[in-house]
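Protein chains: 2
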Amino acid sequence: MSILVVGSVAYDTVETPAGRAERVLGGSASFFAVAASFFSPVNLVGVVGRDFGEPQLAAFRGRPIDLAGLERMEGQTFHWQGRYSQDLNSRDTICTDLNVFEFFEPKIPAAYGRSELVFLGNIDPVLQRRVLEQVERPRVVACDTMNFWIKGKPQELRETLAKVHVLLINDQEAKELSGEWNLVRAARAIRAMGPRTLVVKKGEHGVLLFGEEGDCFAAPALPLETVIDPTGAGDTFAGGFMGYLASAPGLSDATLRQAVVMGSTLASFCVEAFSLDRLLTLERPEIDARYAVFEKLTRFESL
Amino acid sequence: MSILVVGSVAYDTVETPAGRAERVLGGSASFFAVAASFFSPVNLVGVVGRDFGEPQLAAFRGRPIDLAGLERMEGQTFHWQGRYSQDLNSRDTICTDLNVFEFFEPKIPAAYGRSELVFLGNIDPVLQRRVLEQVERPRVVACDTMNFWIKGKPQELRETLAKVHVLLINDQEAKELSGEWNLVRAARAIRAMGPRTLVVKKGEHGVLLFGEEGDCFAAPALPLETVIDPTGAGDTFAGGFMGYLASAPGLSDATLRQAVVMGSTLASFCVEAFSLDRLLTLERPEIDARYAVFEKLTRFESL
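Chain order of the listed sequences is A and B. By my numbering, the letter at position 266 of the first sequence is numbered 418, and the numbering carries on one by one without gaps. By my numbering, the letter at position 234 of the second sequence is numbered 386, and the numbering carries on one by one without gaps.
To be clear, the hints were calculated from the coordinates, so they are not data collected in a lab. Each hint should be verified, as a subset may be incorrect.
Note that identical chains are pooled: a pair holds if it fits in a single copy or bridges any two copies.
Below, in silico cross-link-like pairs of lysine-lysine (DSS-like), each with a Cα-Cα straight-line distance of 30 Å or less [said to hold, decoys possible]:
1. LYS448 to LYS303
2. LYS354 to LYS327
3. LYS448 to LYS354
4. LYS305 to LYS315
Computed from a prediction, not measured in an experiment: that's the story for all the values here.
Using the sequences plus the hints, can you model the full thing?
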């Protein structure tokens, strides 16, 4: 089954305690697409400027990633620059040059209209909804968002959420969206807005999956000795999660849990290098082996 | 097997978003002893003042908790007052009246000298070592500490750690003790100081257990809809952890993992009420049922 992803394709300039990467490939759709492509064909919708050419596109070539939806506009590509704290748990944005992304109007190629899964990256909820209108009966619609839209376009975001099956956001965003300090209450409030599944990303503290009333699954992040750059880990998680769902027959609780672990697995590789560097050298057997590491990390015996 | 615990017995005055509790029973040894007593006899060493009498001792009565080591001194009992933030993830200390605890010199009754397990609560590392000198060949020595001793008595703490099998501290303390920002590196550095097992407590984000080189186990905290008061959760965790170890035959990796989940199970009850209130009404079948909830919370299928 194919996955449609709509989001940013960007240049990132990143400083972490491990070093600095200048104008490297980034953007939510980039991380998502490469991660998901290990499991499923991906249809990518985004926009880049004239400064984004074949060398940058090489990251997507040779993978089942369709680029017909990657628009090229006059102007410069979206550029984000940030600096991480010593413990990598917070970051300051130094500059955000939206450039062509400011005028992004997702255009869905007709061939993408039958994508069975849709991932709406973190863009204006109005645009997210317009994308959905161009896709016929997708099996799974997942969505990301951020504080900017939670505060700035609450009503529009609500309308989008009513059409979404899975919402993936971080813990702080879950609290802001719901107005609840407690994550269990937040999850109930958010599920009442539409998404029957809520995935709360907590960075190095892992992921919580909230499903049918009261059902909850907790997956840790893999404790890694060397974390080079956390940028894109959340989108990589989403790519592994949705890719796994696309490759699985149903959407059972068991499958959703496996998808969470697969997302965590992909994210654990993402942070081992700047940009998409580690994802681009990754092979499927490494992924399966690390999934097994998550099993070992979490297993304990009954009483 | 019996467990010797040395630590504080205190009055706590606590404010949380759920309410306020005035001069209620607290202290590391109190939470530890009650939690551990579900699994094993406990020998309690601590000190209280003249204001701590039979009504307060009632919490320990009717349980396998020996109070011969609970000294009663002239003066007032240790009193701590604190206020939690809205999300319960941080707290301000409003006052700390050490009172009789300032002069605490643990005296180990002769009958306690054969305790098979020892838990050294968060006290001066010099006192912790003096306690160990009074116990014959304990099977497991576990220890807690805090920033105050890590910064204030680093050399004394090192000497104590050299005699300890299991160190239980929070993530920030692990970073300060080791000088490493990364928890995996921190764990390696701390294990090199003596403790062959390190338990890193992360509050609502659960626990990481680091064992033989490279071996790691991650347990989540139970996402709870209602958290009344987190005070004592870490000591309650330690009590469940050590209690379970005392009741198990060996100290295998599998047993340590179960002990971590048992500690998390007890801690999940602790936070449901102020003081020890929930622990005092708890029955063993409830504990076993919640252990099973942790299994459900973390289980996922292989690929």
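Structure-based check of all given hints:
{"no.": "1", "hint": "LYS448 to LYS303", "result": "neither (40 Å within a copy, 35 Å between copies)"}
{"no.": "2", "hint": "LYS354 to LYS327", "result": "both (12 Å within a copy, 19 Å between copies)"}
{"no.": "3", "hint": "LYS448 to LYS354", "result": "both (21 Å within a copy, 20 Å between copies)"}
{"no.": "4", "hint": "LYS305 to LYS315", "result": "within (16 Å within a copy, 58 Å between copies)"}
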